[in-house]
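Colleague: Sequence:
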Amino acid sequence: MTWKDSFSIGIPEIDKQHRELCDQVDNLFDACTRGKGADEVTKVLNFLEKYTVKHFADEEAFQLKIKYPKYQQHKAKHTDFINQVAKLKKEATEGGVNIAMVIKINQAISDWLIEHIKNTDSDLKNYVH
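Counted from 1, the sequence shown has number 90 at position 90 by full-length UniProt numbering; the numbering is strictly sequential.
Hint data in this document are derived by calculation from the structure and do not stem from the laboratory.
Computed from a predicted structure; not experimentally measured.
One or more of the hints may lead you astray.
Only pairs whose alpha carbons sit at most 25 Å apart, straight line, appear in this in silico SDA-like list of lysine to any residue [claimed, not checked]:
(1) K50 <-> S122
(2) K89 <-> P69
(3) K77 <-> D123
(4) K75 <-> A57
(5) K125 <-> L64
(6) K87 <-> R19
(7) K67 <-> S8
(8) K16 <-> N83
Given only the sequences and the hints, what does the whole structure look like? Please build it.
Modeller: Listed below in structure tokens is the structure:
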């Protein structure tokens, strides 16, 4: 998942964190194309578990600071993603990592990030600017 300028919401720290998330998903995709996806899955899921907590906390603190009216809805989306990552990690741990699981994880994470940045975070961008 390559970072695109269209993903920018114009808030430097949040954009930087979004780039890092995209880079991690891109690393997983690249590993898949080299046949090493299974090796990267646990690493990426562990990263996402830790990094999203920090990123979401930063983003939510910013929203509270500016009195963002859609804060609760935005926070709920973050909680959904944290739960989705935990579920995917559990599936990978319990069922083992195979190519189908790698594809499922890659697709789920990419889809969520793109939708979240282009829609939910775009609403934040529109409120700020």
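Colleague: Could you run down the list of hints and mark each one as holding or not?
Modeller: Here's how the hints hold up against the structure:
1. At most 25 Å may separate the alpha-carbon atoms for a hinted pair to count; K50 and S122 meet this at roughly 24 Å.
2. For the hint pairing K89 with P69, the CA-to-CA distance comes to about 32 Å; that exceeds 25 Å, so the pair is violated.
3. A C-alpha spacing of about 13 Å is found between K77 and D123, which places the hinted pair at or below 25 Å, so the restraint holds.
4. Under the criterion of a C-alpha separation no larger than 25 Å, the hint pairing K75 with A57 is consistent with the structure, at around 9 Å.
5. For the hint pairing K125 with L64, the CA-to-CA distance comes to about 14 Å; that is within 25 Å, so the pair holds.
6. For the hint pairing K87 with R19, the CA-to-CA distance comes to about 24 Å; that is within 25 Å, so the pair holds.
7. At most 25 Å may separate the alpha-carbon atoms for a hinted pair to count; K67 and S8 meet this at roughly 21 Å.
8. At most 25 Å may separate the alpha-carbon atoms for a hinted pair to count; K16 and N83 meet this at roughly 23 Å.
Against the hints set out earlier in the document, a violation occurs for number 2 only.
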